[in-house]
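Residue numbers (our numbering), protein chains in the order written: chain C, 1 to 399; chain Z, 1001 to 1444.
Among the hints, a few may not be true.
As the list claims (entries may be wrong) - Using C-beta positions, here's what the derived DEER-type ranges look like:
| id | chain 1 | residue 1 | chain 2 | residue 2 | range |
| --- | --- | --- | --- | --- | --- |
| 1 | C | R122 | Z | G1022 | 48 to 58 angstroms |
| 2 | Z | V1346 | C | R122 | 38 to 48 angstroms |
| 3 | C | V135 | Z | E1135 | 38 to 48 angstroms |
| 4 | Z | E1135 | C | R122 | 17 to 27 angstroms |
To be verified - Incomplete in silico selection of chain C near chain Z, CB under 10 angstroms:
| id | residue |
| --- | --- |
| 5 | R116 |
| 6 | P118 |
| 7 | S119 |
| 8 | P120 |
| 9 | S121 |
| 10 | E189 |
Think of the hints as simulated: they come from the structure by calculation, not from any bench.
Cβ coordinates follow ideal geometry from the N, Cα and C atoms, glycine included.
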Amino acid sequence: MSTLTRDPLAQPPLRRQAAPAAGRWEWPDPAMVPPPVQAESAGRRAGPRPVLHWPNELAAWPPSPEVPAATPAAPEPMLPPEPPSISALERGQPFVAPPYSPPPLHQATSEAPRLRDPSPSRLAYRMHRLWLTPVVRHFLRLGLPALLVLALVGGWLANPDNRAAFGARVDGVVQQVQNQPMFQVGSIEVLAPTPEVAQAVEAALGLQFPLSTFDLDLGLLREVAESFDAVEHAWLQVRSGGVLEVRLQERAPALVWRHADGLDLIDATGYRVARLSSRAARPDLPLIAGEGAPLAVAEAQLLLAAALPIRARIRGLVRVGMRRWDLVLDRDQRILLPEHGALGALERVLALDAAQQLLARDVVAIDLRNPTRPTLQLTPGAMAELNRNRPTQPGARRP
Amino acid sequence: MTDLYQSQRAMRNLRRAAMQRGVIAVMDVGTFKVACLILKFGVSEGARAGSGVGAMAGQAAFRVIGAGTTCSRGVRFGEIAAMRETERAVRTALQNAQKMAQTRVDHAILTFSGGEVRSYGLEGIVELDDERVSENDIARVLDSCDTPDLGPGREVLHAQPVNFLLDHRSGLADPRGQSGRRLGCDMHLVSVDADVVQNLVHCLKRCDVEVAGLASTAYVAGRAALVEDEQELGAAAIDMGAGSTSLSIFIKGHMIFADTLRLGGDHITSDIAKGLTIPYSMAERIKTFYGGVHATGQDDRQMIEIGGDSGDWDKDRRTISRSELIGIMRPRVEEILEGVRSRLDVAGFDHLPSQQIVLTGGVSQIPGLDGLAARILGQQVRLGRPIRVPGLPQAATGPDYAAIVGLCQFAANPQDEWWDFDIPAQRFATKPLKRALKWFRDNW
């Protein structure tokens, strides 16, 4: 066993120094040229096996328990553990085996890990196969986490206190966001041609400021604003600076309608605009009367436009029986227009008037209801005068 | 015989179902390694132009999506010697392949070299009922082949019709629809030891995989290693495995002889281990790294370290020259090749028109083997590698994977076997109505 022990204080291996002569170039370089080959020196040398020297690593081995600590042997001349080169062998230097460290057999039983069986256990194999089954795999990767999350959330929400706390928290966050200054509306500005309409709409909207834009339902507010008869359209907009701007387009009154309950302003489509206290308040607008008159506003306007030559004499249009128009003039004159072709009939009357001043005569009514049989109704005085001038005897009048 | 017929038909149905599902495993349970490939059917759009994959045998229909190979355990001579160990190895290979394919497989086609394959040539002849050969006539003529006495505990592994005769004409591949009076057929039947098969099936069943087909290594290695013209003109494929050496003779596209020699690379390894008294793993290592069969002068100088871990310096520092190693290996290789020669002689290989011999399998990778084989087997010897199939890993393209690559082909393009035809009508009493009708037709 003495070969196992070695001198730990051994000198580091001596290395052959290829002394480069500084500044002197010699060719061929003696370090690069192998020495001449001697006869019978190739290969491994015959003779006794060379002395082997263990590498340094073995010095740290714990000695086997049964081996007594050997006394250090007398220091031997150590040869450098240099791998044998061909040139070294050929020069006849003794063969030295390369460093070789046998596996530490003594430690194998205690510390070295045992060789693991590469084969999977039956259970591991089955689990792997199960994992590769698509249904199981999808369930485990998607279904199970989703179920777990659902169960956790559901379980937490099952407690009413938790639910209430959660709701309160959500509400708090919502409030906090909605009450930010950039979402605050501080005032309202109603833009309308008529200040009365503007005031009425503002009162009807009934908004208490300040409030948040999230609390404003502009669609609903617009419906409220447009519920006024006088308002045709309403545009609502929250302007920068927290101003709710309401822009109103009012209906333009085109006619005055006198009915049983009083006077109403109506627009060109026949829609009621507002109540009128007295006819004198809007003398510029023509008057229509009668039940169902607003439904025929378009025809009325046509008739009024056609009657421009006698405009100064017109008192108004009367709807008779929800069917036809009467044009009423001053001096209690009345033109009874037919249900169909009223405009043509009126133009006939106007033509007669232009040619023969029909309307300037003592006529109470011009009845054109039957276009083939126009009829004039005279005043009683005119009728008497006509009768007086009528010849009493039949036959041609004598000159 | 009928229960085997039924079991083979059941396996065929399993195979068909697995292919419809698209994934099937092929396994080679060998003595040295257990390899498993997972095939996916209906995915490959065919070989790329210039990839070197030919249009042979329709392998474009599938693609290898998973491969697993592990060191075999508990298998000797291609037969299971330790069931649990083999099961572990099979499990490892299957799991690796499944992990690579990211699919689970439930059906596997199996190849094995054990079970003392024996080969029989059968012939049968029948008179035709109609004037044309129908499918039923083929089934009848296959059924009329008189089965030899296979011996106790032996079963049919392959029963392939290789030739049909119609009246005086022979060499018909497909006589259906042809007119004639007498139909004959030659059938090649391969029998194996039933217990070996049962062990393998049981082993796979313990791994939760059903066996959907069985094939002899001799047959599938021949299909992979022989090119088409060799299969047509006549050639012998020798699959030199670790536990056994399988040989098969092909002619006209059909296997006509199969045999197994229970000698292989393991014996070379054990020779080295015993001769040099080194561990088996070290013997395997130096065999694969430094092995050869022709020693040269250079080999005398090439020293091989055959270490050990005995702790004895003299033992652990031994070196041998490569020529010593070759000196150990060569007699065993010669013995294997001479065994092959004698089997080929028995089979009458000398009388074939073409005497091409293709060496494949792991042992065929020994350098210089083709030269040695040419001396023993004849001049027309080449080393065969399996054909390329799409998706096969580079590591599995060597000659040691010839059997499993052939099994891929077998799975994609199975050869017609006896059980692929329906049972003839008159064989069973299950169809009495048909028989009564036939009697009426014949007699009225």
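Do the hints match the structure? See the list:
1. R122(C) <-> G1022(Z): 48 to 58 angstroms: violated, 27 angstroms
2. V1346(Z) <-> R122(C): 38 to 48 angstroms: holds, 44 angstroms
3. V135(C) <-> E1135(Z): 38 to 48 angstroms: holds, 41 angstroms
4. E1135(Z) <-> R122(C): 17 to 27 angstroms: violated, 45 angstroms
5. R116: Result: violated, 12 angstroms to nearest chain Z Cβ.
6. P118: holds, 6 angstroms
7. S119: holds, 4 angstroms
8. P120: With a closest approach of 5 angstroms, the P120(C) hint holds.
9. S121: S121(C) check passes; min Cβ-Cβ to chain Z is 9 angstroms, inside 10 angstroms.
10. E189: Hint violated; E189(C) Cβ to chain Z Cβ min 69 angstroms, cut 10 angstroms.
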